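Chemist: So you can see what is in the structure, the chains are spelled out below.
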Amino acid sequence: MKRWNPDFMSHSFTARLRVYVVGFTALLFILAFYVIFRFSYRFIREEAVHRADAQLDNTILRIDGVLNSVETAVANSSWAVGEELNKPDSLYTLLTRFVERNPIISGSAVAFREDFFRDKGSYYSPYVFKDANGDIRRRQLGTERYNYSEKEWFSRPMQTGKAHWSEPYYDTGGGEMLMTTYSQPLYDADHRMYGVFTADISLAWLTELVNGIRPYPRSYNLMIGREGTYIVHHRPERILHETIFSATKTMKDSTTQKIGRDMLAGRRGMEVLQNDDTLSYVFYAPIETTGWSVATVCPREEIFASLDKIQWCVVLIAVVGLVVLGLVCGHIIRHILNPLSRFAQAARQIAGGDFQTPLPPSPYDDEMGQLRDAFEYMKRELAEYMEELQQTTVRKERIESELRIASEIQMGMIPKLFPPFPERKDIDLYAILKPAKEVGGDLYDFFIHEEKLLFVIGDVSGKGIPASLLMAVTRSLFRTIAVHRKTAGEIVAALNRAVADNNESNMFITLFVGVLDLASGELDYCNAGHNPPVFLQTGGKPRLLSCLPNIPIGVFKDFDYVAESGRLDNGSLLLLYTDGLTEAENPSEELYSVERLLATLEGMQELPAQEIIRTLERSVKDFAGEAEQNDDLTMLALRLKHDPDSQEMELVLENRLTEILRLEDFVKQAGQRAGIPADETEMVLLAVEEAVTNVIRYAYGDGEGLIRLTAACRDGNLVFELRDSGQAFDPTQVPEADVTLPAEERTPGGLGLLLVRRIMDEVRYQRTDGENRLTLVKRGKLTS
Amino acid sequence: MKVSLTTNDSKTTVRIEGRLDTVAANDLEQALSPVWEQSHPDLYLDCRDMEYISSSGLRVFLKLKKYVLAQNGRLEVSELQPMVKGVFEMTGFAKLLLS
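Chains as they are written, first to last, in this note's numbering: chain H, 1 to 784; chain Y, 1001 to 1099.
Possibly wrong hints are sitting among the right ones.
As the list claims (entries may be wrong) - Partial list, computed: chain Y residues near chain H (C-beta under 8 Å):
| no. | residue |
| --- | --- |
| 1 | T1022 |
| 2 | L1032 |
| 3 | S1055 |
| 4 | R1059 |
| 5 | K1066 |
| 6 | E1079 |
| 7 | L1096 |
| 8 | L1098 |
Calculated from the structure, these hints are not laboratory results.
Keep in mind the model is a prediction, meaning the values are calculated, not measured.
Glycine included, C-beta positions come from ideal geometry on N, C-alpha and C.
Let the hints inform the model, and build the full structure from the sequences given.
Modeler: In structure tokens, the structure reads:
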């Protein structure tokens, strides 16, 4: 974990908060700017369109006004031409008056159809115009060289029968200026067209008028004729020489072509045009009278100049504002957090055990003040708690140490050294006791008394110290009582009486007591309310030993406990346990159960007792998993295991001395099995030979008879039994020969018996069923 | 058991080899028959290769000792094997024959 560093914390906290505040504000700014600029842009654009349209309209209106005045003047004067048809020369006077009256008109003519006046030539057209000095001059236009009937100003109205404005042209004869001519057809009384009445006007004013459109300082204008020819353009060399299409052919943006087409079609509109590096807005509108079209081109940056200026201004203010905000924010947060880092330092000192640490002052009753109060409270509570904890710990440690000692004492009571009888190869016994707490109420015990194994397993009701005390009492009682009682039933009954007396705490104990005859395997047992043991027979399935349950001891003083008997065959195993095994729980509260126990034991008949118990211990541990052991667990496995080598040997002899030769091999074999050294066996052979010789010589007199000699290894001792059915004779009653006598006084008799007694450790005689039974015992090394 | 008697300058050496058990004791007694006719017998019992002795054997030895004592003869016993020596000590024969 990262070390808690107050400086780091406040810095990072300040930085984070600063980033959040500044970031959020910046976001708001951006959003607001976007909306404002969006609306401003639209507004300015609309305003630009509006302004350009207004100027265009105004200009077109003024142009129309001029053109209309010309049309009106022509219309008003054309009737006079009809009055003067019989005096063709007087037309000059009419035209002169007409030009004089209309200063805008620079020239006017009446052109007649071919051969209208025979005497005036084929083409007659009087023409009056102002020269460069403003003087009025006259001329006859129609000559043989100048056939005006081909000219647009004459042919168009003659063909259509309608008045017509010509495309602008350069007047090369008179004013050297851009001109246009208005031609109106003339009709006679029979409505036959006989000529046209024309008025020339200079377009200088038009250029001036069009260039007067100036919505923006750097905008420029242009005007095109019906064919697309430039009439007005800011580059004079283009006027009449280029069309809008030829001039913009090389431009990348094809918008101009579209603009040109729209203008020729007489539409009005607005387009955005990319020309070189500048973006321009083009507004255009038609002059419907003549079919011309006017356009004004405004650079985008001029239209939006104010917006751009404001934009930069606002961005600058925003950036400066955000920087200032960030600085102020950091300063304020640091100022606020300053006490926090001092709190942190104080908290660490408190955690280190210094409860006297002063807390930083907090003059206001704000959050910081509340934090200070909480800290103060925590400090006080901690100090009290620590003191209490210390006392509790001392008490707890004392109890724990006493419990530990109690546990050691209790465990010291039960036999814990395995194998318990190392010299006895015929007993395979193993047991464990695992208390759930320091001390437990389970017990087991066993000991050998007069070739019988007495064993007990038990479970005291309840747990902990009371149970452990009763367990200790029961175990001591068992040791004392068991040696004085012959059967399991008696032992249990005596234990019951002892425990039931003065049982004021009403505790009880379930017990299983067994008395096993080690020689025969006869088992005498009594079950006092305990779990029935498992019986594992060689070659059979594990099964529960059938037993009467009786009742636990300590309940009824005079309960009549019923004992039972059975037999533990060589190799069979008896497993005793307490309910800590079968009632062990796993985390899902299922019990280990007898069924699982029997299943686990399946196939384990041949395993040693220790291995069986260790396997069961593991099995129950795996089963319980994470679950806590809540009851003492005790198991005791017991098996009788007569070694085939230690089985009894038998030799049957006839009562002839030569039979003695058969003894050597027999005794040596028995000695070897009993683990007796060769030199000692030699002496044992001598003793046996003497005993047998005695029987051969005296038992049957002169008659014949058999002598049975058996040898067995019991408890590590070599035991010979010599039986004959001859005359009763107790060799143990024969007084011992005196070995201290000199040779002369010594008799040959008694030497054999002397040797027998000296060599063997035990000589017993018994006369039963008409048989002499002489038992000779040679103790093994371990028992002697 | 194997018994051999050799007489050299009136001194008779009785050499006993193997196991002197009850059955062999009878054989030994018979084999010693020449000795029972000697007066002032001078006997040397060579028991160095005798591995075993039973009370019957001891009886023959006692009989021999008694005869030698009665005839004022001499009886000398060789070194004994441990088993035999043990039996001699148990029965007091060590004092009887070896001293």
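Chemist: For every hint, state whether the structure bears it out.
Modeler: Do the hints match the structure? See the list:
1. T1022: Holds - the Cβ of T1022 (chain Y) comes within 8 Å of chain H, reaching about 5 Å at its closest.
2. L1032: 15 Å, violated
3. S1055: 4 Å, holds
4. R1059: With a closest approach of 4 Å, the R1059 (chain Y) hint holds.
5. K1066: This hint holds: K1066 (chain Y) lies near chain H, its Cβ roughly 6 Å from the closest one there, short of 8 Å.
6. E1079: 17 Å, violated
7. L1096: Hint holds; L1096 (chain Y) Cβ to chain H Cβ min 5 Å, cut 8 Å.
8. L1098: Nearest chain H Cβ about 12 Å off; hint violated.
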